[in-house]
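Student: Dock chain B against the given chain A, drawing on the hints supplied.
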Amino acid sequence: MRSTYQHYSPTDFVCDDAFLKHQLEPTAQSTQGWEEWLQAHPHKREDWQQAVQLLEAVRLGLTSYARTYLSEEAEAYLLARIRATNRQAGYVEEGVTQVVPIWQKSWFRTAAAASVALALGAGLWLNRYPTDTGYSYREQVAQLPQAKTEQVNLSNQIREITLPDGSQVWLKPQSRISYAPNLGQDDRSIYLSGEATFEVTRNPKKPFYVFAGKIVTKVLGTRFVVKALENADNLVVQVQHGQVSVYRHTSKDVKLPRQALDGVLLQPNQQVIFSRRNEQFTKSIVEQPALLPTTIPVENSFVFEETPVVEVLERLKAAYGIDIIYNAEVLEDCELTASLSDESLFQKLEIIAQSIGATYEIVEGQVIFTAKGCKNL
Amino acid sequence: MSIHTDDIQVWQAFQQGDEEAYTSLYRTHIRPMYRYGMSLTPISEAFVLDCIHDVFAELWIKRNRLGQPENVRFYLLKALKTRMIHLMQRKERPYQPLSQVEFDELWAEPSSEELLSEQQETTNRQELVQKLISQLPPRQQEAVRLRFVEEMDYHEIAQVLDINRQSAQNLVFRAVEKLRKWLLAFILLFLNLFAFVRV
Chain A
5 MRSTYQHYSP
15 TDFVCDDAFL
25 KHQLEPTAQS
35 TQGWEEWLQA
45 HPHKREDWQQ
55 AVQLLEAVRL
65 GLTSYARTYL
75 SEEAEAYLLA
85 RIRATNRQAG
95 YVEEGVTQVV
105 PIWQKSWFRT
115 AAAASVALAL
125 GAGLWLNRYP
135 TDTGYSYREQ
145 VAQLPQAKTE
155 QVNLSNQIRE
165 ITLPDGSQVW
175 LKPQSRISYA
185 PNLGQDDRSI
195 YLSGEATFEV
205 TRNPKKPFYV
215 FAGKIVTKVL
225 GTRFVVKALE
235 NADNLVVQVQ
245 HGQVSVYRHT
255 SKDVKLPRQA
265 LDGVLLQPNQ
275 QVIFSRRNEQ
285 FTKSIVEQPA
295 LLPTTIPVEN
305 SFVFEETPVV
315 EVLERLKAAY
325 GIDIIYNAEV
335 LEDCELTASL
345 SDESLFQKLE
355 IIAQSIGATY
365 EIVEGQVIFT
375 AKGCKNL
Chain B
34 MSIHTDDIQV
44 WQAFQQGDEE
54 AYTSLYRTHI
64 RPMYRYGMSL
74 TPISEAFVLD
84 CIHDVFAELW
94 IKRNRLGQPE
104 NVRFYLLKAL
114 KTRMIHLMQR
124 KERPYQPLSQ
134 VEFDELWAEP
144 SSEELLSEQQ
154 ETTNRQELVQ
164 KLISQLPPRQ
174 QEAVRLRFVE
184 EMDYHEIAQV
194 LDINRQSAQN
204 LVFRAVEKLR
214 KWLLAFILLF
224 LNLFAFVRV
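Protein chains in written order, with our numbering: chain A, 5 to 381; chain B, 34 to 232.
Just chain A, same shape as in the assembly (with noise of 0.2 Å):
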């Protein structure tokens, strides 16, 4: 052991060769070099202790770092590109490391498990979502004309960005977006994979558009949000506020879709389903309809004295957003007292309908409303 460990602060430790090799790879020898050293300098456990930590927090602070690594798909892909570089260039001589076979070689031990896994992340690249050809995120993004800005989230948390034009994203852990680093400028597109919110700073004059394996969505200013998982047999778009056209992304060439031709129109709490397997859209409403923004919450606005169903219903589509199709006629002598206002929307419709004997279903995202009349109540 140095003589001058007798001088060194917990940083100095830390900084130390032999002190980090011991933390990371003790060995019999050198926990016992250490335990010597430190009987003999008992006045500097307490700093060797406190260096112990700091290299502990250190390291901890790193752990996201550490952690960083591709997916399996992109690692066994670039590999795949590599070789495919080395063979055009003429380097690659098949049949001459045949010689020896592999299971003599030392390494291979190590090397075999792990070339399993890439051979299967190969397969998988190649065989999986042949629906998505020709429109997968990659390929998209590759077609892109000038060179373009991508975010990736690799962590475990929900990223927060801020795009050129103001619009705001919350990407999911592994998601990822591009972008023209100009966005806005010309025009104002996004692709995307993986899911993330969008709250989309308004301008009639440049739409806003969200291009995610065969669809394409098309706003003016609004929050939603895109569901694209590469592995998902669904893509989904959901909107919170505003209004989104979602369209089938026909053209191959990556260009603005000029009409709605096959597209939904989604209101807020509505949401549209694209089945990957046969392209076709399902209109619904989310599954915990939100009130919108702009509604001011006011106390006991969802509190009903003898109060007639229909001004009840219409509080609801106000509040929600959500069209809501009746027979006014048939509710005119019907009247509600609830207290309505924890309930969800379905609930509050359910709660609804039992007290008046009616019944309701939801169609291509609209709630139907279907009463016999209360004269007899």
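I should point out that these hints are in silico values taken from the structure, not numbers from a laboratory.
These figures come from a predicted structure and were not determined experimentally.
Fair warning: there could be bad hints in the mix.
To be clear about the criterion: a stretch of chain A counts as covered by chain B if any three or more of its residues have a C-beta under 8 Å from a C-beta of chain B, and this derived list gives those stretches [unchecked claim]:
id, region
1, 19-31
2, 60-67
3, 73-79
Here are a few chain B residues that face chain A, going by a calculated C-beta distance under 8 Å [stated by the list, open to error]:
id, residue
4, Y59
5, I196
6, L216
Glycine included, each C-beta is placed from N, C-alpha and C at the ideal position.
Tutor: For chain B alone, kept in the frame of chain A given last:
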């Protein structure tokens, strides 16, 4: 640090044109290369992947002329950084330049109030230290990553950062010392949250 015999054997096999060994090199080192590359320029993953591609493609072409590196990981990380800087200096791509020494001088050290408000948003110890590390000047951050995750010695860190050995040692020392002071301040303020002393 130490010379890994496995690495040497794989390297020699690769130099003789063994594709399996070449693949094994890729598999072993892709992860550190990727994270290190991303830490230098987190703005574009595609750019980092392109550079890794270039490093490996060049390795294959030049395999007959290469020497035996003492530390393969260090060799590959250095090659990756060189490639990234080379491309960025040629301005082939409109990406942000790497953080340079001048940038360090502009780096304002956070005030204790700023650090304190950081802490209030932080729920656990790992996040806190991570945030503190992100407050260090970029080159100190890089030095700390190379030292404590990539496990390079000061001589290797010096080569990657293109400085001398003593400067590399100083960078790591200053970073660790700063983290120690910040952490101590927090321990005094939030004893319960950061029970550093093991029971």
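Student: With reference to the structure, classify each hint as holding or not holding.
Tutor: Against the structure, the hints:
1. Restraint check on the region 19-31 of chain A versus chain B: 5 residues with Cβ-Cβ distances below 8 Å, three needed, restraint holds.
2. For the region 60-67 of chain A, the stated coverage by chain B is satisfied: 7 residues place a CB nearer than 8 Å to a CB of that chain, which reaches the threshold of 3.
3. Here the region 73-79 of chain A counts 4 residues with a CB under 8 Å from a CB of chain B, which clears the bar of 3, and the coverage holds.
4. Using the Cβ-Cβ criterion of 8 Å, the hint placing B/Y59 at the interface with chain A is satisfied: the shortest such distance is roughly 6 Å.
5. For B/I196, the interface hint is violated, the least distance from its beta-carbon to any beta-carbon of chain A being 16 Å, above 8 Å.
6. The criterion of a C-beta within 8 Å of any C-beta in chain A is met by B/L216, whose closest approach is roughly 6 Å, and the hint holds.
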